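Enquirer: Here is what each chain is made of, one letter per residue.
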Amino acid sequence: MQAGRYPAWRSRAQAGMRCALAALGLAMPLLGAANELPAGTAKPEDQLLEAIDALRDGDSAAAMRELRALVESEPNFRLAQLLYGEVLAERSGAPNPASPLMDDQDPHVRELLDEFHARVAEISGGPPPGTLPSAILHLSPGHKYAIVADLPRSRVYVMQNTGGQLLPVRDYYASIARNGFGKQNSGDLRTPVGIYRVTGFTPGINLPPFYGAGAYPLNYPNAWDRVHGRTGSGIWLHGVPSTTYVRPPRASEGCVVLSNADLTELKTLIVPGMTPVVLSDKLSWLPPDAMAKQRDELMKRIETWRRKWSSLDTEAYLSFYGNDFHTDDGMNKTDFAIYKRRVNQGKHHVQVQLHDLDVFSYPGEQNLVLAEFTQEYRSDNYTTSTRKEQYWRREADGVWKIVREENRTL
Amino acid sequence: MLLFAGAAVPALAAAPAVKEAQALLAQGDYNGALDRLDRYLSSTPQDAEARFSRGLVLVKLNRTDEAVKAFADLTRDYPQLPEPYNNLAVLYAQKGDYEKARDALEAALATHPAYATAHENLGDIYSALAGAAYNRALQLDQGNQAVRYKLSLINQLGNGPGGYVPAGTTGVPAAPPKTESIGTPPAPAAPAAASAPAPEPAAATPESDADAQAASDVLSAWAKAWSNKDADGYLAFYAEEFKPEGGDGRAGWEAQRRERLAKPSHISVRLLAMHTSRIDAHRLRVDFIQDYSSDTVNDRAKKTVELTDSDGSWKIARETAR
Chain A
1 MQAGRYPAWR SRAQAGMRCA LAALGLAMPL LGAANELPAG TAKPEDQLLE
51 AIDALRDGDS AAAMRELRAL VESEPNFRLA QLLYGEVLAE RSGAPNPASP
101 LMDDQDPHVR ELLDEFHARV AEISGGPPPG TLPSAILHLS PGHKYAIVAD
151 LPRSRVYVMQ NTGGQLLPVR DYYASIARNG FGKQNSGDLR TPVGIYRVTG
201 FTPGINLPPF YGAGAYPLNY PNAWDRVHGR TGSGIWLHGV PSTTYVRPPR
251 ASEGCVVLSN ADLTELKTLI VPGMTPVVLS DKLSWLPPDA MAKQRDELMK
301 RIETWRRKWS SLDTEAYLSF YGNDFHTDDG MNKTDFAIYK RRVNQGKHHV
351 QVQLHDLDVF SYPGEQNLVL AEFTQEYRSD NYTTSTRKEQ YWRREADGVW
401 KIVREENRTL
Chain B
411 MLLFAGAAVP ALAAAPAVKE AQALLAQGDY NGALDRLDRY LSSTPQDAEA
461 RFSRGLVLVK LNRTDEAVKA FADLTRDYPQ LPEPYNNLAV LYAQKGDYEK
511 ARDALEAALA THPAYATAHE NLGDIYSALA GAAYNRALQL DQGNQAVRYK
561 LSLINQLGNG PGGYVPAGTT GVPAAPPKTE SIGTPPAPAA PAAASAPAPE
611 PAAATPESDA DAQAASDVLS AWAKAWSNKD ADGYLAFYAE EFKPEGGDGR
661 AGWEAQRRER LAKPSHISVR LLAMHTSRID AHRLRVDFIQ DYSSDTVNDR
711 AKKTVELTDS DGSWKIARET AR
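Sequence lines, in order, name chains A and B. Mapping of the first sequence onto our numbering: position 268 corresponds to residue 268, and the numbering continues sequentially without gaps. Numbering-wise, our numbering comes out as the position in the second sequence, counting from 1, plus 410.
Hints are computed from structural coordinates only; laboratory data are not their basis. Any given hint could turn out to be false.
[As the list claims (entries may be wrong)] Here are some, though not all, of the chain A residues that point toward chain B, as calculated from beta-carbon distances under 8 Å:
hint	residue
1	L88
2	R91
3	G126
4	P209
5	R250
Everything numeric in this text was worked out from a predicted model, so none of it was measured. Every residue gets a Cβ at the ideal spot worked out from N, C-alpha and C, and that includes glycine.
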């Protein structure tokens, strides 16, 4: 390559890209026998990174071979076409006045460069080996997979859950909303930050071609969004029209957009109605040990709350609720206390059992935790089974208190 | 500039009949040369130099398909000779098939890595392929703004000192054939044409989903700004070229619109039955029913809006009520 040809890219150069990928466990078929995922062939992004690696090694012939194979299989992968064009122009030996990179004020060129940087940054700034997203404190074994999006970094990770042990098994480039993230209002062209779940799947055949291979709607706005008066709807994970391989990093109206191949791969992993989706404004990856203390503290707290309720120790039970607690139907802490005292008064025994517990550190918030569980409630005169979303906040005195609860029937 | 190879084998190998034919070729007597070669080849069908010269004559006669076959047969029978690959590549490139041209040149270089003509031609092919790749890189969701790259690609091919330059160091140099056959831009390059949508449909074409989505996105946002009484936002949807109906002039119209957005205490604008069609590469026509209500007025009107692609986003260039 001519010196200085790719100054912006070279400044991000990281040696040993392939090694880095291998260390992340992301470049290869990922797991041994425990992995239920198909091994899969070389993914387009891996091919692209191989080519970039070759360019950095000064091997433009190898880069050209790699990119040629890539654009032949994915002709609509525009970033690959751009790099392929650059390598061909370089190899032609002729001056290259037509390079789009000469015009990096062109918004479409900028978008491709943004995508380039997002993909390359994953190599140097991806999750360190042996770490897990700190947003997931505990995931019930019922969820085989969870989806975690690092919104500012245009990246979506699939976490595999094997008996409570998490492992990142897939990661994808993803496009988010034009104005970034932190959705507040309908039409603000932002992607929400929060914990959601996939509510369904609509195959592409039932959708406009714009959505590609299909769409997974999310339950935005969730209980916490409603606490904050956030509006809007129709936040989906979806694919792309057949005319393109992916969209630029900031392109949607709020949705998270994947390539059709990646979206299709998710079909084998996502369970509509269940699979959690973490949309994070600032995803951090920590060693599992670093999260154990907070997780254990919260799980103990939840268990104590359950025991107090089950033993009809109403005042102790109520002490778990924060002063600004509200129910979804408008009761404040005082109303709630009166109500619970009255209800519990007439009961001789109550039995509450919790299972399928998930605990998330809530993205975009300080000291907020979402615990979700299935609650089996049985008393003298009433039996019910619901899925509960319970938001816990660490108060100034360091004690975790419940600030919001919402039940949905199963 | 793509270079034809003029001779396949060193001169010492050429038979007298072939030398005669090459002389006729040099004088411009293509039919005479072809006749001479055909007669010779009927008795000596495997003579590589004769077959190669015959390919060149067919090029001069503009019998391109036969020339392609002649050189392709040679590459099959004499894969060690680089020149037939080279000439095959030039013919593929003329047809705009740069991928095949590249493959042929790479085959020539596989046996003769120092073959200068093939290197030079391959450079030109890479430039052409680069242009096609750039085209695809910049292909947009809506419309196609990559045309300028295609043009520069064509210019690059046409700008070189035109004509076939015989590359063989020995043998009878082929007289330059009509330079136009190479100098003329090949009809839109095949690789580019394959992915770049035609930029100028003549009239409004039927609804495409991408267009409909784009129109719906922008007009929904426009209606929302209007409903929110956000005059700055609302006016931002109008293109610079927008001329209000009625001749108030842009400034007068803007002032009036600001006033009308400010006056009611609430406004609701809903767009129904939207239909989008494409006028040309940069314009969409959108018909819809506009359901307007405020504290004082309820109004339902059929509207037509022309959207223009300005700086990558759609803006309203015309707005008419019907």
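Enquirer: If a hint holds in the structure, say so; if it does not, say that too.
Expert: Going through the hints against the structure:
1. L88: For A/L88, the interface hint holds, since the closest Cβ of chain B sits about 4 Å away, which is under 8 Å.
2. R91: holds (5 Å)
3. G126: Given a least distance of 25 Å, the restraint on A/G126 is violated.
4. P209: holds (5 Å)
5. R250: Since the shortest Cβ distance to chain B is 13 Å, the answer is violated.
In the structure shown, a violation is registered for the earlier hints numbered 3, 5, in ascending order.
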